[in-house]
Amino acid sequence: MLFLLFRKCWNSFITIKDFLKGISKQGDLHGKGGEAAMEQWSVGGYTFGSEKDAEIAREEEKKITYLEARMNYKEPESVLQIYKKILENRLFVTPVGHEYLVKLQNFLVESKGISKEQIPKIPLFNVYSPQGLEAPKKSRKRIEGKKGPNIKRRLRISIALNILFVCMLIAMFVVALNADNPNILNYKSALENRYAEWEQELKEREAAVKLKERELKRNTQEREE
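Under my numbering, the first residue of the sequence shown carries the number 1, and numbering increases by one thereafter.
Please keep in mind that the hints were generated in silico from the structure rather than gathered at the bench.
Treat the hints with care, since some could be wrong.
What the hints assert, rightly or not - Listed next, the in silico BS3-like pairs over lysine-lysine satisfying Cα-Cα at most 25 Å (straight line): (1) LYS152 to LYS116; (2) LYS103 to LYS84; (3) LYS85 to LYS63; (4) LYS203 to LYS217; (5) LYS103 to LYS85; (6) LYS84 to LYS121; (7) LYS52 to LYS74; (8) LYS62 to LYS152; (9) LYS121 to LYS85; (10) LYS212 to LYS152; (11) LYS62 to LYS103; (12) LYS203 to LYS74; (13) LYS63 to LYS52; (14) LYS62 to LYS74; (15) LYS63 to LYS121; (16) LYS63 to LYS74; (17) LYS112 to LYS62; (18) LYS116 to LYS85.
Claimed, not checked - Have a look at the derived ranges for each label pair, beta carbon to beta carbon: (19) ALA208 to ARG70: 24 to 30 Å; (20) ILE114 to ILE170: 39 to 45 Å; (21) LYS152 to GLN40: 42 to 48 Å; (22) SER42 to ARG205: 46 to 52 Å; (23) SER78 to LEU211: 26 to 32 Å; (24) ASN72 to GLU204: 16 to 22 Å; (25) ILE114 to ARG70: 15 to 21 Å; (26) ASN150 to ILE122: 44 to 50 Å; (27) VAL166 to ARG70: 40 to 46 Å; (28) ALA208 to GLU51: 52 to 58 Å; (29) GLU77 to GLN40: 36 to 42 Å; (30) VAL209 to GLU77: 37 to 43 Å.
Note that CB positions come from ideal geometry on N, CA and C, so glycine has one too.
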């Protein structure tokens, strides 16, 4: 019951906060200029509920463009490793990024030499259905039977727990926010290092081939003399 109450309070707080932020920066979405504001929050065929979410989606579009420019679909094993790295670092959190992950996943499923067991599922970190609403009837009756003169005390405990949960969520958000920047930088560095190694290997092979050609040419000239 406390968890359900906290969830409702938190969802209401987030909704009100985003709504007020949208009004202060973009104006009333239902008034004059509302269509222009909604257009600014539209990215990749999706309309987001806040300017911040839309900006995150735009950043993900840039990441997708960068990855696609360097992705070698002729080597499914390489695509698989990059796909796993993206999931580990949680580079994509919006539907725009998830759509690209589904594209890579479908490519890997259709690729020969890679089994479905090797391809990780795409994790979703959002909850789309309210939790705690399917509690057993006996539990509900027990909770209802405990109602009495201690309502004020329970209310204080509920408020204290709500404040504690909010503090925990804020702390988790701060930690996750600080941990995202290194991941965003690492994926670019990892890809550049990988392609640099391939380029070096190619140069070494070309040098070996040229050396072999010189030796064959020298041997041929010696035989003719």
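Structure-based check of all given hints:
no. : hint                         : verdict
1   : LYS152 to LYS116             : violated (55 Å)
2   : LYS103 to LYS84              : holds (14 Å)
3   : LYS85 to LYS63               : holds (13 Å)
4   : LYS203 to LYS217             : holds (21 Å)
5   : LYS103 to LYS85              : holds (15 Å)
6   : LYS84 to LYS121              : holds (10 Å)
7   : LYS52 to LYS74               : violated (36 Å)
8   : LYS62 to LYS152              : violated (52 Å)
9   : LYS121 to LYS85              : holds (13 Å)
10  : LYS212 to LYS152             : violated (90 Å)
11  : LYS62 to LYS103              : holds (16 Å)
12  : LYS203 to LYS74              : holds (20 Å)
13  : LYS63 to LYS52               : holds (17 Å)
14  : LYS62 to LYS74               : holds (23 Å)
15  : LYS63 to LYS121              : holds (20 Å)
16  : LYS63 to LYS74               : holds (20 Å)
17  : LYS112 to LYS62              : violated (29 Å)
18  : LYS116 to LYS85              : holds (17 Å)
19  : ALA208 to ARG70: 24 to 30 Å  : holds (26 Å)
20  : ILE114 to ILE170: 39 to 45 Å : holds (41 Å)
21  : LYS152 to GLN40: 42 to 48 Å  : holds (47 Å)
22  : SER42 to ARG205: 46 to 52 Å  : holds (48 Å)
23  : SER78 to LEU211: 26 to 32 Å  : holds (29 Å)
24  : ASN72 to GLU204: 16 to 22 Å  : holds (19 Å)
25  : ILE114 to ARG70: 15 to 21 Å  : holds (20 Å)
26  : ASN150 to ILE122: 44 to 50 Å : holds (46 Å)
27  : VAL166 to ARG70: 40 to 46 Å  : holds (42 Å)
28  : ALA208 to GLU51: 52 to 58 Å  : holds (56 Å)
29  : GLU77 to GLN40: 36 to 42 Å   : holds (41 Å)
30  : VAL209 to GLU77: 37 to 43 Å  : violated (25 Å)
Of the hints listed earlier, those the structure fails to meet are numbers 1, 7, 8, 10, 17, 30, in rising order.
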